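Assemble the complex: chain Z is given as a structure, and chain R must be docked to it using the hints.
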Amino acid sequence: MTDFFKENLTSLHKKLVDKEISSTELTKEALNKSKSSQSEINAFITIDDQGALKRAAEVDAAGIDANNILSGIPFAIKDNIITKGLKTTAASHILDNFVPVYDATVIEKLNKLGIVTIGKTNMDEFAMGGSTETSYFGKTANAWDHTKVPGGSSGGSASSVASGVIPAALGSDTGGSIRQPAAFNGIVGLKPTYGRVSRWGLIAFGSSLDQIGPLTRTVKDNARVLSAISGKDRRDTTSEDQSVPDFTKGIEKGVKDLRIAVPKEYFASGIDEGVKDVVKKAIAKYESLGAKVDEVSLPHSKYGIAAYYILASSEASSNLERFDGIRYGFSARKDDQTLEDLYVQTRSEGFGDEVKRRIMLGTFALSAGFYDAYFKKAAQVRTLIVDDFTKVFENHDIILGPTTTSPAFDLGSENDDPVKMYMNDLLTIPVNLAGLPGMSINAGFTAGLPVGLQIIGKRFDESTIYKTAYAFEQDSQLFTKHPGVNF
Amino acid sequence: MSSFETTIGLEVHVELKTKSKAFSPSPVNFGDPANENTNVIDWGYPGVLPSANKGALESGMTAALALNAQITRDVHWDRKNYFYPDNPKSYQVTQQQTPIGHDGYVEIKKEDGTSKRIGIKELHVEEDAGKNSHSGKGYSLVDLNRQGTPLVEIVSQPDISSPEEAYLYLEKLRQLIQFTGISDVKMQEGSMRVDINISVRPIGAAKYGTKVEIKNVNSFQYAKNALAYEEQRQRDELMAGHEIGQETRRFDEPTKSTILMRVKEGADDYRYFPEPDLPAIHVSNDWIKKVRSRLPETADDRIIRYTNKFALSKKDAAVLTQTLEMANFYDQAVDDGADPKRAANYLIGDVNAYLNETQLDLQDTKLTPDHLSGLIKLIDNGTISTKQAKKVFTAITDGEEPKAYVEKHGLVQLSDPTKLTPIIDQILDNNQQSIDDFKGGKDRAIGYLTGQVMKETHGNANPKIVHEILLTELKKR
Chain Z
0 MTDFFKENLT SLHKKLVDKE ISSTELTKEA LNKSKSSQSE INAFITIDDQ GALKRAAEVD
60 AAGIDANNIL SGIPFAIKDN IITKGLKTTA ASHILDNFVP VYDATVIEKL NKLGIVTIGK
120 TNMDEFAMGG STETSYFGKT ANAWDHTKVP GGSSGGSASS VASGVIPAAL GSDTGGSIRQ
180 PAAFNGIVGL KPTYGRVSRW GLIAFGSSLD QIGPLTRTVK DNARVLSAIS GKDRRDTTSE
240 DQSVPDFTKG IEKGVKDLRI AVPKEYFASG IDEGVKDVVK KAIAKYESLG AKVDEVSLPH
300 SKYGIAAYYI LASSEASSNL ERFDGIRYGF SARKDDQTLE DLYVQTRSEG FGDEVKRRIM
360 LGTFALSAGF YDAYFKKAAQ VRTLIVDDFT KVFENHDIIL GPTTTSPAFD LGSENDDPVK
420 MYMNDLLTIP VNLAGLPGMS INAGFTAGLP VGLQIIGKRF DESTIYKTAY AFEQDSQLFT
480 KHPGVNF
Chain R
0 MSSFETTIGL EVHVELKTKS KAFSPSPVNF GDPANENTNV IDWGYPGVLP SANKGALESG
60 MTAALALNAQ ITRDVHWDRK NYFYPDNPKS YQVTQQQTPI GHDGYVEIKK EDGTSKRIGI
120 KELHVEEDAG KNSHSGKGYS LVDLNRQGTP LVEIVSQPDI SSPEEAYLYL EKLRQLIQFT
180 GISDVKMQEG SMRVDINISV RPIGAAKYGT KVEIKNVNSF QYAKNALAYE EQRQRDELMA
240 GHEIGQETRR FDEPTKSTIL MRVKEGADDY RYFPEPDLPA IHVSNDWIKK VRSRLPETAD
300 DRIIRYTNKF ALSKKDAAVL TQTLEMANFY DQAVDDGADP KRAANYLIGD VNAYLNETQL
360 DLQDTKLTPD HLSGLIKLID NGTISTKQAK KVFTAITDGE EPKAYVEKHG LVQLSDPTKL
420 TPIIDQILDN NQQSIDDFKG GKDRAIGYLT GQVMKETHGN ANPKIVHEIL LTELKKR
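Protein sequence lines, in the order shown, are assigned to chains Z and R.
Numbering-wise, numbering that gives the first Met the number 0 puts 400 at position 401 of the first sequence, and it's gapless, one number per residue.
Numbering-wise, numbering that gives the first Met the number 0 puts 103 at position 104 of the second sequence, and it's gapless, one number per residue.
To be clear, the hints were calculated from the coordinates, so they are not data collected in a lab.
For clarity, every value in this text was computed on a predicted model and none was experimentally measured.
Note that the Cβ used here is the ideal one computed from N, Cα and C, for glycine as well.
Hints should not be assumed to be uniformly reliable.
[Unchecked claim] Simulated restraints, written as ranges between beta carbons of each label pair: (1) Z:339 x R:34: 18 to 26 Å; (2) R:256 x Z:338: 25 to 33 Å; (3) R:187 x Z:243: 47 to 55 Å; (4) Z:336 x R:236: 37 to 45 Å; (5) R:242 x Z:338: 32 to 40 Å; (6) R:110 x Z:335: 55 to 63 Å; (7) R:205 x Z:339: 41 to 49 Å; (8) R:112 x Z:376: 54 to 62 Å; (9) Z:100 x R:352: 50 to 58 Å; (10) Z:336 x R:108: 53 to 61 Å; (11) R:108 x Z:338: 23 to 31 Å; (12) Z:474 x R:287: 51 to 59 Å; (13) R:256 x Z:339: 25 to 33 Å.
[As the list claims (entries may be wrong)] Subject to a maximum C-alpha distance of 27 Å in a straight line, what follows is the list of computed DSSO-like cross-link-like pairs (lysine-lysine): (14) R:79 x Z:376; (15) R:120 x Z:375; (16) R:314 x R:376; (17) R:53 x Z:231; (18) Z:375 x R:79; (19) Z:333 x R:130.
[To be verified] Only some residues are given here: those of chain Z computed to face chain R with a beta carbon under 8 Å: (20) 2; (21) 4; (22) 103; (23) 200; (24) 201; (25) 202; (26) 207; (27) 233; (28) 234; (29) 236; (30) 268; (31) 313; (32) 321; (33) 360; (34) 362.
Pulled out of the complex, with its shape left as it was, chain Z reads as follows:
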C-alpha cells in the first residue's frame, strides 16, 4: 500500500521508474482512497474508475517516462476545469449532466506528461464561496477536523490532498480559492500570476481574476506541477508570453538577505489571535534564517473586498448568462413552455442561492445609472491596490502575512451570513485584484487546526515565492504532520 503522506512526486516517480510500483497500482490506490474517503470528507463529485484505470494501463504499456516526473502520477482536478469525456459540473445542478467535448489547456498539458485523472473534486458552486458548502453535490469536510469546513472554493482538491487521498490536485483561485483551503488544510496552494496559466477550459467566474493553480503537500511538488501547466496559450490571449522555468531550480538557495515586507493591515483587529501568533512566529523564523523584515502598509487593501465583490460578481453575471437549458447541461424543458419560461425555470432550479445572489449583485452593479457608482469605482479601487503593491515591491522581494483571518470554521456556521463569509477572503483578495502570485503554506497550528502563511510575490516571480516557502518548510518539517486518518 502506498502511503501518500510518506511520498512526494520525486519518490513516487523513482518507484515508478524502478518498477517498484506501476501506475495502475498507484491509480488503484488513489481510487480506493478517494472512494473510502467519500463518506467522511466527500471530496469528489466524480470518481472515474474506468477512465483512470484505462489511462494508467496505457501509461504502463507505453513505459514510464524517466525524464518526466508526472508520468503515471494520479491527479484530482477541480470540477470547474473542463475534461473531455469526463463530466464537469462546476458543482452546479445546471451542469450536473455536462460531458465536455474538449479539454482545458492545463489538462492537455498534464495528459501529455502522462498524468492519470482519477476524478473531479468538489467545490463551491461555480467557485462562489469560501467553504465548499454551496456545492449542489453536498459539503466537503476539512481533512483535520470533519466538523470544520475545508475552505473554498477548491475545498475538495485541498481536503483530498491533505487527507492523503491523492498526491496532487488542481484548483482555481478567484479571490483566494486555492490559498484559503490550502491554509485550512495545512497544505501548499499557489495562485499563479494572472496570465501565467491558460484559462482555456476553466469555467469562468470572474474572468479578470481567475487563475488555475496546484495544491500539493510539499513546496517542491507544487513547483513541479506549476512548471507543467504554465505557458502562453494562443487560445487564451490574456495568458502572457513569459518563459516557463523549472520552478524547482534554485529552490534551495535559502532566504539570506531576502527583503521581506509585512503589511500592518494583515495583523489588524478582526484577525484571529491564534493565527497572528503562528504567523508572527513564522516571520521571526525567517529573520533567524537571515531575511530582513520590514513592516509596510497596503492602505487600500481594506477596500479590496468591496471592490472584489463588485468586479467579480459583475463579470460572473455576464459569464453565467449562457446557461439557458438549451445547448448543454440541465434543462427544465416541458412541452407547453414558452422560451422565456424555459430560461426562467432552468435558471431558477439550476442555480443555487449563492450564485443567484452574485448574479443579482453583478447585474445591479452594471446596470445603467449604477455603473459609475459601482463598477467604475471598484475598477478605480483596484488600480489603487495595484499601486500599493507596486510601491512595496520597489524595496522588497516578498510579502508575508496570514492567509486567512481565522482557522477553519464549523460547517454550517456562516451559511446564513454571506457578508461574514465574504470577510474571510480579506487577506487573499488584494492579490487577485493586483494579478500577483500568492501562495499559502502551513505555518503551524492553533487549536489543533493548521494556519496558513501567505507568501506574495512580484508578477511572474513565482521562483522567489517557492524559494521562500521551501526555506520555511524544510526548517519546520511541518509537511510530515498529517491529520492521521488514513483512508
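Positioned in the frame of chain Z, the structure of chain R alone reads:
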C-alpha cells in the same frame, strides 16, 4: 409642407470579408449548410475564450481612414449583454467605449450639383449574431454560421435631412467601403444593413422631434421609401396635433409603409463593461501608417485618373466606378492593351446592358478583361467589323476566347483588294444605273453599291476598303 424639417441619422452595419470570425478560428463563408462554420467558441460552451482577429480590427481601421475618421490609439473590447437564442454567449463583443474610428465624414453630391458633408460620429468593430428562423410549427431553428462574423458599424451624425440625402449617403458609403476591399457590401447577402433614426420638427423648433427607429432595412431603395413614408407620417401626426411616440418600426415592402414593432419605454440596458477575456490593444503610429499606405485607390481618385489619362467624360468615369468590380475590370482590360475609349464604351453600353438583362453581378459572369480587350483589339486591327463584333461579344459572354472564336467561325473581315476587286467589278457590271447616278452626282449610289458588296460577302467585307476600291473602279468606268 415646408414648415417642417427632418433629421436623420443612420447606423450602417457592414460585414467584413475576413477568412475567420472576429473572435474564433471558424471560417466565414456565406451560404454553407447551417452550423457548419462553428466551434465551441461560437456555441458559447463553458470554459471557452475568444481570441481577437487582428485582421478584423485592421479592416476597421481601413474603413475609418477611408471615411476620414480619427483612429483611437488605445482600444479595448466591451461586452454588450443581451440574451437571444442566436447569441449563445449572451453578450456581443463590441467597442462601446473605444471605437476604432471617430469624427470622420462622407461627402455627398446632391442632384443640384452642390456637395454636403455628412459627419461620421464613430465606427466600431463588433461581432454579428447568428440567425433564427421560425418554423411556425412551435419550434425555431438556430444557425450559428454567421455568429461571430466581424462587422463594422458606421454611425452617422444626424446630418441627413431628407430621404434623398440618405440614399446618396448610403450609395457613397457603399462605394467608399467597397473600394477599400474590406467588404463585398452585398445587400442581398445581408453584408450591409441599415438602422434608421428619424425625427421631424417644425422649422425653428429648439429641440429635435421624438426619434423613431426603423430596424434592419436591407436595401437603399427600401431605406429611401421607409424614410419618405415615415417623414410624411410624422408630419401628418404633428399637423393633427398628435405627439410622436418613441418607438421602433419596421419597413413593410409591399405597402411601402412602416409598421410599429414595439414602443420604447426606456433605453435597453446592455450592461456594458470591458471584456475581461481580451487584452487591450495599442494602435501604434506605425500600424496606422502601414494601413494607410495600403489603402487602395478610391472611386474619386479613379474618376480623376480616367478623365485625365484616358480623356473619358466625367459621366462615363462615374459609371465605370459605380462598383469596384467594374472599375477593376476596366483597368485590367486597358492594361491588357484595349483602347481605353472603346473599352469604356463597351462596359458602359454592351456589358451593362448584358448585366441588366441577366441580372448578374459582373464577377458572376463569364466575362473576363482579357477577352474584352481581345475583342477590342480585333476591331482595331481590322480583323472584324463592328457588326461581326456583336456576335463575338455574345460569344465572350459565354466565356469564349475571341480570337479563337473568330477563327473557328470564319469571321475574319475581307480586306484583301485582290479578292474584293473582282467582286466589286461584278457588282458594277450588274448595276449600270448606279454608275450613272454616281456620275450624275448622286452620292447615295455609293451607299447602295457598298450594301450590295456586303450582301455578296455576307457582311465580311471591310467597309473602308470597299469604299476605296469602289471610288477607284467607278472612276475607271
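Now for the hints, and whether the structure bears them out:
The beta-carbon spacing between residue 339 (chain Z) and residue 34 (chain R), approximately 24 Å, falls within the hinted interval of 18 to 26 Å. In this structure the supplied range 25 to 33 Å holds for residue 256 (chain R) paired with residue 338 (chain Z), their Cβ-Cβ distance being about 30 Å. Range check, residue 187 (chain R) to residue 243 (chain Z): about 51 Å between beta-carbon atoms, so the 47 to 55 Å window is met. For residue 336 (chain Z) and residue 236 (chain R), the hinted distance range of 37 to 45 Å is satisfied, since their beta carbons lie about 40 Å from each other.
In this structure the supplied range 32 to 40 Å holds for residue 242 (chain R) paired with residue 338 (chain Z), their Cβ-Cβ distance being about 34 Å. In this structure the supplied range 55 to 63 Å holds for residue 110 (chain R) paired with residue 335 (chain Z), their Cβ-Cβ distance being about 58 Å. Take residue 205 (chain R) and residue 339 (chain Z): their Cβ atoms lie about 42 Å apart, and the range 41 to 49 Å holds. At about 55 Å, the CB distance of residue 112 (chain R) to residue 376 (chain Z) agrees with the hint of 54 to 62 Å.
With their beta carbons about 54 Å apart, residue 100 (chain Z) and residue 352 (chain R) fall inside the hinted range of 50 to 58 Å. Our hint of 53 to 61 Å for residue 336 (chain Z) and residue 108 (chain R) holds, since their Cβ atoms are close to 56 Å apart. Separation of residue 108 (chain R) from residue 338 (chain Z) is about 48 Å and departs from the stated range, judged on CB atoms against 23 to 31 Å. A hinted range of 51 to 59 Å holds for the C-beta pair residue 474 (chain Z) and residue 287 (chain R), which are about 57 Å apart.
Between residue 256 (chain R) and residue 339 (chain Z) the C-beta distance comes to about 30 Å, which sits within the given range of 25 to 33 Å. Restraint check for residue 79 (chain R) and residue 376 (chain Z): satisfied, since their Cα atoms lie roughly 20 Å apart, inside the 27 Å limit. The straight-line distance between the Cα atoms of residue 120 (chain R) and residue 375 (chain Z) is roughly 25 Å, inside the 27 Å bound, and the hint therefore holds. Proposed proximity of residue 314 (chain R) and residue 376 (chain R) is supported: the alpha carbons are some 25 Å apart, at most 27 Å.
Pair hint residue 53 (chain R) plus residue 231 (chain Z) holds up; C-alpha atoms about 18 Å apart against a cutoff of 27 Å. Restraint check for residue 375 (chain Z) and residue 79 (chain R): the C-alpha separation of about 16 Å stays at or below 27 Å, so the hint holds. Distance hint between residue 333 (chain Z) and residue 130 (chain R) is fulfilled; the C-alpha atoms sit about 24 Å from each other, no more than 27 Å. Contact between residue 2 (chain Z) and chain R, as hinted, is not supported at the beta carbon level, the nearest pair being about 35 Å apart and thus beyond 8 Å.
Proximity of residue 4 (chain Z) to chain R is violated relative to the hint, the smallest CB-CB distance being about 33 Å (cut-off 8 Å). Interface restraint check: residue 103 (chain Z) against chain R, minimum CB-CB distance 6 Å, threshold 8 Å, status holds. The interface hint given for residue 200 (chain Z) holds, since its Cβ lies 4 Å from the closest Cβ of chain R, which is under the 8 Å cut-off. A least Cβ separation of about 6 Å between residue 201 (chain Z) and chain R falls short of the 8 Å threshold, and the interface hint therefore holds.
Satisfaction of the interface hint for residue 202 (chain Z) is found here, the shortest Cβ-Cβ separation to chain R being roughly 5 Å, below the 8 Å cut-off. With a cut of 8 Å, the hint placing residue 207 (chain Z) at the interface with chain R holds, because the nearest CB-to-CB distance is about 4 Å. Evaluation of the residue 233 (chain Z) hint against chain R yields a held restraint, the C-beta minimum of about 7 Å falling below 8 Å. About 6 Å separates the beta-carbon of residue 234 (chain Z) from the nearest beta-carbon of chain R, less than 8 Å, and the hint is met.
At a threshold of 8 Å, the smallest CB-CB gap from residue 236 (chain Z) to chain R is about 5 Å, leaving the interface hint in force. Interface hint at residue 268 (chain Z): violated, since its Cβ lies 34 Å from the closest Cβ of chain R, which is beyond the 8 Å cut-off. The interface hint given for residue 313 (chain Z) is met, as the beta carbon of that residue sits about 6 Å from the closest beta carbon of chain R, less than 8 Å. The beta carbon of residue 321 (chain Z) comes within 5 Å of a beta carbon in chain R, closer than 8 Å, and the hint placing it at the interface holds.
With a cut of 8 Å, the hint placing residue 360 (chain Z) at the interface with chain R is violated, because the nearest CB-to-CB distance is about 13 Å. Annotation: residue 362 (chain Z) was flagged as interfacial toward chain R, and the flag holds, the nearest CB pair being 7 Å apart, inside 8 Å.
When held up to the earlier numbered hints, the structure conflicts with 11, 20, 21, 30, 33 and fits the remainder.
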